[in-house]
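Generate the whole structure from the sequences, applying the supplied hints.
Chains as they are written, first to last, in the working numbering: chain R, 1 to 415; chain G, 1001 to 1415; chain H, 2001 to 2132; chain D, 3001 to 3132.
Hints may contain errors.
What the hints assert, rightly or not - Short, incomplete list of chain H residues facing chain R, as computed with Cβ under 7 Å:
id: 1; residue: PRO2034
id: 2; residue: GLY2101
id: 3; residue: VAL2103
To be verified - Label pairs and their calculated CB-CB ranges:
id: 4; chain 1: G; residue 1: ASN1117; chain 2: R; residue 2: GLU276; range: 27 to 37 Å
id: 5; chain 1: G; residue 1: ARG1086; chain 2: D; residue 2: GLY3121; range: 23 to 33 Å
id: 6; chain 1: G; residue 1: ARG1115; chain 2: D; residue 2: ASP3011; range: 49 to 59 Å
id: 7; chain 1: R; residue 1: ARG248; chain 2: H; residue 2: THR2088; range: 20 to 30 Å
id: 8; chain 1: R; residue 1: ARG248; chain 2: G; residue 2: GLY1013; range: 47 to 57 Å
id: 9; chain 1: D; residue 1: GLY3121; chain 2: R; residue 2: SER79; range: 50 to 60 Å
id: 10; chain 1: H; residue 1: GLY2097; chain 2: G; residue 2: GLN1171; range: 42 to 52 Å
Calculated from the structure, these hints are not laboratory results. For each residue, glycine too, the CB sits at the ideal point set by N, CA and C.
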Amino acid sequence: MATPQTNNTLDVGAIRKDFPILGREIKEGVPLVYLDSAASSQKPSQVIHAMSRFYETEYANVHRGIHTLAEEATAAFESAREKVARFVGAESPRQLIFTRNATEAINLVAHSWGRANLQDGDRVLLTQMEHHSNIVPWQMLAAELGFTIDYAPMTEDHRIDLERYGQMLEQGPKLVGFTQMSNVLGTINPVARMTEMAHGAGAVVLVDGAQSVPHMAVNVAELDVDFLVFSAHKMCGPTGIGALYGRRELLEEMPPFMGGGEMIKRVQFDSFTVTELPSKFEAGTPPIAQAVGFGAAVDYISNLGMPAIRQHEQEMIERALDQLEEVPGVRIYGPAAEHKGAVAAFTLSDAHPHDIAEILDRRGVAVRAGHHCAMPLHEKLGLPATTRASFYLYNTSDEIDSLIEGLYDVKKVFA
Amino acid sequence: MATPQTNNTLDVGAIRKDFPILGREIKEGVPLVYLDSAASSQKPSQVIHAMSRFYETEYANVHRGIHTLAEEATAAFESAREKVARFVGAESPRQLIFTRNATEAINLVAHSWGRANLQDGDRVLLTQMEHHSNIVPWQMLAAELGFTIDYAPMTEDHRIDLERYGQMLEQGPKLVGFTQMSNVLGTINPVARMTEMAHGAGAVVLVDGAQSVPHMAVNVAELDVDFLVFSAHKMCGPTGIGALYGRRELLEEMPPFMGGGEMIKRVQFDSFTVTELPSKFEAGTPPIAQAVGFGAAVDYISNLGMPAIRQHEQEMIERALDQLEEVPGVRIYGPAAEHKGAVAAFTLSDAHPHDIAEILDRRGVAVRAGHHCAMPLHEKLGLPATTRASFYLYNTSDEIDSLIEGLYDVKKVFA
Amino acid sequence: MDDLYREQIIDRYKNPQMRGRLDPHDYTYEDDNPLCGDRIRIDLRVDDEGRINEAAFSGDGCAISQAAADLLTERVVGMSLEEVKSYTKDELIEMLGIDLGPVRMKCALLSLKVLKAGVYGLDELEEELASL
Amino acid sequence: MDDLYREQIIDRYKNPQMRGRLDPHDYTYEDDNPLCGDRIRIDLRVDDEGRINEAAFSGDGCAISQAAADLLTERVVGMSLEEVKSYTKDELIEMLGIDLGPVRMKCALLSLKVLKAGVYGLDELEEELASL
Ligand SMILES: Cc1ncc(COP(=O)(O)O)c(C=O)c1O
Ligand SMILES: Cc1ncc(COP(=O)(O)O)c(C=O)c1O
Chain R
1 MATPQTNNTL DVGAIRKDFP ILGREIKEGV PLVYLDSAAS SQKPSQVIHA MSRFYETEYA
61 NVHRGIHTLA EEATAAFESA REKVARFVGA ESPRQLIFTR NATEAINLVA HSWGRANLQD
121 GDRVLLTQME HHSNIVPWQM LAAELGFTID YAPMTEDHRI DLERYGQMLE QGPKLVGFTQ
181 MSNVLGTINP VARMTEMAHG AGAVVLVDGA QSVPHMAVNV AELDVDFLVF SAHKMCGPTG
241 IGALYGRREL LEEMPPFMGG GEMIKRVQFD SFTVTELPSK FEAGTPPIAQ AVGFGAAVDY
301 ISNLGMPAIR QHEQEMIERA LDQLEEVPGV RIYGPAAEHK GAVAAFTLSD AHPHDIAEIL
361 DRRGVAVRAG HHCAMPLHEK LGLPATTRAS FYLYNTSDEI DSLIEGLYDV KKVFA
Chain G
1001 MATPQTNNTL DVGAIRKDFP ILGREIKEGV PLVYLDSAAS SQKPSQVIHA MSRFYETEYA
1061 NVHRGIHTLA EEATAAFESA REKVARFVGA ESPRQLIFTR NATEAINLVA HSWGRANLQD
1121 GDRVLLTQME HHSNIVPWQM LAAELGFTID YAPMTEDHRI DLERYGQMLE QGPKLVGFTQ
1181 MSNVLGTINP VARMTEMAHG AGAVVLVDGA QSVPHMAVNV AELDVDFLVF SAHKMCGPTG
1241 IGALYGRREL LEEMPPFMGG GEMIKRVQFD SFTVTELPSK FEAGTPPIAQ AVGFGAAVDY
1301 ISNLGMPAIR QHEQEMIERA LDQLEEVPGV RIYGPAAEHK GAVAAFTLSD AHPHDIAEIL
1361 DRRGVAVRAG HHCAMPLHEK LGLPATTRAS FYLYNTSDEI DSLIEGLYDV KKVFA
Chain H
2001 MDDLYREQII DRYKNPQMRG RLDPHDYTYE DDNPLCGDRI RIDLRVDDEG RINEAAFSGD
2061 GCAISQAAAD LLTERVVGMS LEEVKSYTKD ELIEMLGIDL GPVRMKCALL SLKVLKAGVY
2121 GLDELEEELA SL
Chain D
3001 MDDLYREQII DRYKNPQMRG RLDPHDYTYE DDNPLCGDRI RIDLRVDDEG RINEAAFSGD
3061 GCAISQAAAD LLTERVVGMS LEEVKSYTKD ELIEMLGIDL GPVRMKCALL SLKVLKAGVY
3121 GLDELEEELA SL
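Next comes the structure, spelled out in structure tokens:
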């Protein structure tokens, strides 16, 4: 089923055959060069087919059914949960809650844990490099409850400033939330260290793993985090599903987020009783086929091996940064290659990122341009927008060459 | 692509060929008889393939991208929104918000509209036949805000008691929420009438269309409802997506529900500005492929024609009730066939519904047994559980015969 | 006619041997399976040496849950509380002698859950109960 | 080299004719396209007969948005406010003479949105603006 691996390095040629869309041409004679995996990854046939097969052979609603299909569908759904839970090192699948996406997972924590634990006068500590998904839910809640949000700053080379972070922890934030990998700068934060420091200051730690979990081995037990969120669609899985891992005691104590079927033990006209984990946080019919696809995605990347994926991406980003630096007028944001994931955000003289992306697209090169849902970070960088090329397990060095050639096209247009 | 129709009646033989799972055997020689569509419907190849094709040829994250794939994916996503909006008669696709499911749509209204408009001393009026999804969100909010929930009672034949409903409206509820079709009794409520009465009393009206939208023509303009919720998975569409239709002025005024990417216009370290409809309520990466599947599902059933579907189901339920009534010991809940959808909940002497479902499963007949996420209704009926057979556009009268034969098996076991 | 509904189960469902309540009792616990509404209460009387000398169940639900409760309460008479604690779900399933899918498994195990919760108290065995 | 970036656009982007601010002005409005950060402000001066006799734009953003703003502000000089109100998005696109996908369309239309909002006030044309 999955592509066999040798020597812990990726056979990218074989991998590319698993992804039907990578064979596509953007227009005649112009093959797709997909450098936008940080926004969302493409999907291998193994994942697409797992879902089709599920709908074609064993689909039913889950949990409440006695008939064969319902039992099969429930088993498929719960086995997917086990896979995803195991993938991030959760002790028990009960601690792995399926959400729509990483964003909803953070909102769940904000609404449920936040509303129960935060109040006027409290502090929440985030970082300057957060995605809107890890800022806006806290701002919304702060507007309601009156706590204060601080943002730990970055060093000159766009890494977290651990000294300042440590100082800000002294103010006693109740919750510390940060991304494991910046979706703009590529910065990989020292999660274990930051978590230890935050725990030392008595804070609960939420880690945004949207950009890290797809690209490197992440283990909640080793990192000792309290909450971890991520999305399937960035890790070869389908849209429509994400996950929240939570520490058992916290999840047990938290009130439910949404109400409805599945999350109750009993309902009467005047009251209801909440059921156990993980259903307590999964109101209504869950993303069943998407869970099956999520499980298949985890199988797919686990089979390749997270260390091999990480190594491939490190080679890619080193090469990309080297080549980008040679293009006159290019300025790259984020730390040196060894501190970052396979994400390169840059500007090119005074060409606007939108124009760059558009001209690159003429060559089939797909990159993002804009604020990448990190406006505060861009404000800090003093830029309205950047162009971002991001790489994944299916990208090749030829594709980096196409990117660079495209940038010379841009320079020609704006010469 | 879709199955051609003649004379406004369904060609069920041809339709069944569209659903791969219906060709399945539960065990050797025992074909599947799927009578559990009220829990979730099966999916035609047209829908399954629309999603696979989307992943295989034009997948990317939506909205923020400039490259070709992102534009194609955005166009596919937004055209799906238009289809679904048009399907329920919404004025504008901006009034159609994609959610995870019907349950989330109700929670969205409760959190956003409810928190902004309800307070201690207010009343919310529901009915005794609601699904937990239209009870628990209100109970959760009531526990926080202190308003009172009333439940409009039923007549002896399990229809809404319009006289009592009218009296309860005199107490001035701020919101009236009711299902258009009960998922247990099958009762079809007179939505236009009930809405007019509720509006006359100054209430905002939320209609739970989870069971009606899949089975009959539903038009929000004609019914004049303020909110309508439904789920794709019950109407030939995928799991992981549902919809909220809302009246423009209400949606405009409502604060956002979840925070994150996509729903903002601008974010700064100290504040954010909300963007326009519908994105305002769609935080994070949406269920993109699921929207495409939802659009394909709407195409599929629209092409068959909602009146033809409804007529087929009426024939099915009439026949099913007739045959069920002849089985000694069977007791059916819900009104006469002309007032209901294709849902038959029943008990059989003192055989427990779980045992009934299990024995039917031996014949391949898939039905639900339990409280069907309507415990308060079951409490009212004085029953812990019922057995429910539900029908959809692919069911045949032979399948009703299998159900009936299965019930005689049950009688033999418990003789 | 059918493995699941072999005679013993149906017979126990229709003619339970252990149905009733013990008042007074030394241990009692009641719980239900919210998925299906099955409800079981088990009462125990224990002698001076910590051995169960009387047991009874009450409640309602499907044939599996009620027959399992009937068989289990019969089985535990004469056992020490320690023996009850180490009585496993596999032993119960073997006693029932039928093949069960995951949903019906919950019906079968409800009485064991109730029994153990009654004997241990709930907190002590959260993990074990959760897996039942 | 490329349809989208035909000479006129690049030329206008690099050498705008209408860039600046009018102070005082009779009408002004500023808005941005949050998707990309393009920002446009347009100032107008109007004579006694309601005819625009001076116009200028300022802001920053991509070549399309800035060139479109430059061409549009040039175009409206001499028009009456009524004529501005009836100036359509198709006319603007024709003037640009390029083929645009939906995202870049928003860049191109930003200046028209700003112009119309300045002239009408925002509330009046919510629907028309929403479709831009
Ligand atoms: C009447 C009714 N309302 C709401 C729901 C909830 O739908 P979902 O689980 O898709 O959110 C259902 C389906 O179970 C239903 O039958
Ligand atoms: C760092 C980071 N956090 C959160 C998110 C939000 O993910 P989603 O849109 O899947 O909820 C993203 C992706 O855009 C991201 O890059």
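Against the structure, the hints:
Proximity of PRO2034 (chain H) to chain R holds as hinted, the smallest CB-CB distance being about 4 Å (cut-off 7 Å). Because the closest C-beta pair between GLY2101 (chain H) and chain R is about 5 Å apart, less than 7 Å, the hint holds. Because the closest C-beta pair between VAL2103 (chain H) and chain R is about 5 Å apart, less than 7 Å, the hint holds. Between ASN1117 (chain G) and GLU276 (chain R) the beta carbons are some 33 Å apart, a value that agrees with the proposed interval 27 to 37 Å.
Roughly 32 Å separates the CB atoms of ARG1086 (chain G) and GLY3121 (chain D), a value that falls within the hinted 23 to 33 Å. Distance hint check: the CB atoms of ARG1115 (chain G) and ASP3011 (chain D) are about 53 Å apart, consistent with the given range 49 to 59 Å. At about 24 Å, the CB distance of ARG248 (chain R) to THR2088 (chain H) agrees with the hint of 20 to 30 Å. Evaluation of the 47 to 57 Å hint for ARG248 (chain R) and GLY1013 (chain G) yields a pass: the beta carbon distance comes to about 52 Å.
In this structure the hint that GLY3121 (chain D) and SER79 (chain R) lie 50 to 60 Å apart at CB holds, the actual value being about 59 Å. Checked against the given bound of 42 to 52 Å, the beta carbons of GLY2097 (chain H) and GLN1171 (chain G), roughly 57 Å apart, lie outside it.
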